[in-house]
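Chemist: Taken in sequence, the protein lines are chains A and B. Heads up: the first sequence runs through residues 1 to 352, numbered per my numbering. Heads up: the second sequence runs through residues 1 to 165, numbered per my numbering.
One thing to keep in mind: the hints can contain errors.
What the hints assert, rightly or not - No farther apart than 20 Å at their CA atoms in a straight line, the calculated lysine to any residue pairs in the SDA-like style are these:
# : chain 1 : residue 1 : chain 2 : residue 2
1 : A       : Lys-303   : A       : Glu-313
2 : A       : Lys-38    : B       : Asp-20
3 : A       : Lys-38    : B       : Arg-22
To be verified - Chain B residues, not near chain A, derived (Cβ > 10 Å throughout):
#  : residue
4  : Glu-31
5  : Arg-58
6  : Gly-83
7  : Lys-91
8  : Cys-101
9  : Ala-140
10 : Gln-143
11 : Lys-154
What the hints assert, rightly or not - If we take Cβ atoms under 7 Å as the criterion, some of the chain B residues that face chain A in the derived model are:
#  : residue
12 : Arg-22
13 : Thr-51
14 : Arg-57
15 : Ile-59
16 : Asn-60
17 : Gly-71
18 : His-87
19 : Glu-130
20 : Gly-131
Hints listed in this document are in silico derivations from the structure and should not be mistaken for laboratory results. All residues carry an ideal CB built from backbone N, CA and C; glycine is no exception.
Here is what each chain is made of, one letter per residue.
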Amino acid sequence: MNTFEYVRPATVQEAVAAASKPGAAYLAAGTNLLDLMKGGVTRPNRLVDISRLPDLDGIEDLPDGGVQIGALVRNADLAHNQAFARRFPAVAEALLSGASAQLRNAATVGGNLLQRTRCAYFYDLASSCNKRDPGSGCGARGGDNRLHAVIGCSDSCIATHPSDFCVPLVALDAIVEVEGRAGRRRIPLETFHRLPGDTPERESVLEPGEMIVAVRLPPEAAHFAARARFLKVRERTSYAFAVVSAAAALRLENGMIVEARLALGGVALKPWRAREAELLLAGARADMPLFRRVAEAALAEAKPSGDNGFKIELARRIVVRALALALAGTPERVPALPGSLFASVPGEVIHA
Amino acid sequence: MSISMTLTVNGVKRTVELDDPRTTLLDLLRERLALTGTKKGCDRGQCGACTVIVEGRRINSCLALALSYDGAEVLTIEGVAQGDRLHPVQKAFLDHDGLQCGFCTPGQIMSAIGLIQEAQVGDDPERVREGMSGNLCRCAAYQGITEAVMEAQKALGGPARREVA
Chain A
1 MNTFEYVRPA TVQEAVAAAS KPGAAYLAAG TNLLDLMKGG VTRPNRLVDI SRLPDLDGIE
61 DLPDGGVQIG ALVRNADLAH NQAFARRFPA VAEALLSGAS AQLRNAATVG GNLLQRTRCA
121 YFYDLASSCN KRDPGSGCGA RGGDNRLHAV IGCSDSCIAT HPSDFCVPLV ALDAIVEVEG
181 RAGRRRIPLE TFHRLPGDTP ERESVLEPGE MIVAVRLPPE AAHFAARARF LKVRERTSYA
241 FAVVSAAAAL RLENGMIVEA RLALGGVALK PWRAREAELL LAGARADMPL FRRVAEAALA
301 EAKPSGDNGF KIELARRIVV RALALALAGT PERVPALPGS LFASVPGEVI HA
Chain B
1 MSISMTLTVN GVKRTVELDD PRTTLLDLLR ERLALTGTKK GCDRGQCGAC TVIVEGRRIN
61 SCLALALSYD GAEVLTIEGV AQGDRLHPVQ KAFLDHDGLQ CGFCTPGQIM SAIGLIQEAQ
121 VGDDPERVRE GMSGNLCRCA AYQGITEAVM EAQKALGGPA RREVA
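This is chain A alone, in the form it adopts within the complex (with noise of 0.2 Å):
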């Protein structure tokens, strides 16, 4: 690990401006920050923990019936909240499927946010990464990539976004609210995130020195709180990434569907909105046939990216699934493996 600077300011304002400087870096947990620190993949010559700032480590009904998570809150604290995780069971379920109890009782909601890739090569310094180090090449391509993306990829990175927690987000609309030089401003979570493109080194749309202060909800994100589920397969049963993940949530009336949400994760460089598949779940009668038309439309642009085409069909049949878990309904409590494709589903929709 590089020396660095440690400052702890008093203020988001303070914050702001010692991050500002080129080589800062924001420390909150830390979880995934010491990590990429400890291998050289990151060197901040900087770090500005904000981890102490006060205000920030609230869960507050907004007027409007939407609810503001504080950027400081920890995973633990957000999925174990009773009021929270009645009204958005899917982002609960996402929280607790994802790391291990300890490191959930340390992350935070917008350390999560700007987690980074686990790509191998990018945490390999004897490989080439455009991301780490812009230019060098990608690894991952003609490597080891049957974990990468199948969505959005470019010739200069496939890498996944690694986060459970922003799958059924940007599935219900969050909003990212960031402060920086320029004041305060909200950003949709759905395009917070960038693709790689030819710039695979610009994780979002922050600009430097922006630090998130709050994730929100819209009051319409708990009107699917009936029907809402993630799912997540993932290569041992407990404490490990997504290969795919989906957030699925409806909302019914006399039988039909009048709203859907899809979001899948694993499968590109942000949490992937599926919104014309969502087209044709509204005004529909739910059935396996519709979902499976569904499944097709959200990977419809999918491609493999090597050696990884298996990601795309298991992808298609994570959102069969998932969809069918929503319909049958939210669980009245987050199952004891959360989001596992083990637990116990009455009928056939486990072998969807």
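Starting from the structure of chain A, add chain B where the hints point.
Modeler: Chain B only, in chain A's frame:
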């Protein structure tokens, strides 16, 4: 430049002069306070051997920058027994053979204490396994660990459940 910081470790206030900002909470406990019960396994947040309880919550001390925890209250494996009387979780690990080589055990025990305090798992062994999945055991004593956590939870007042999620 040296920075002075304070921790309350196992009930005792300790002041440390840190001359290197890179020091993790794990390294501070082991190298500066000679509390080597907390183990350094992967040092990357993957194995759980470094688990300690900070301000009542279990965390990976290898991914915690020490300076960030100035003023915090820390409980380590050295602080859980009352003299010669083992903590109920320690006793349960012995009674259920929740270990073989013992390297991961301090982290397992601190994680179990944290899990019981969190009161989210009830009496469901599947939830216990999921809640303990951040602690790897290369000897694969998982069966005994799960039984030990269930029994210790009972000994500490039964499976409580505070919240829904």
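Chemist: List in ascending order the numbers of the hints, as given earlier, that are violated by the structure.
Modeler: Numbers 5, 17 and 18 - these are the hints that the structure violates, sorted from lowest upward.
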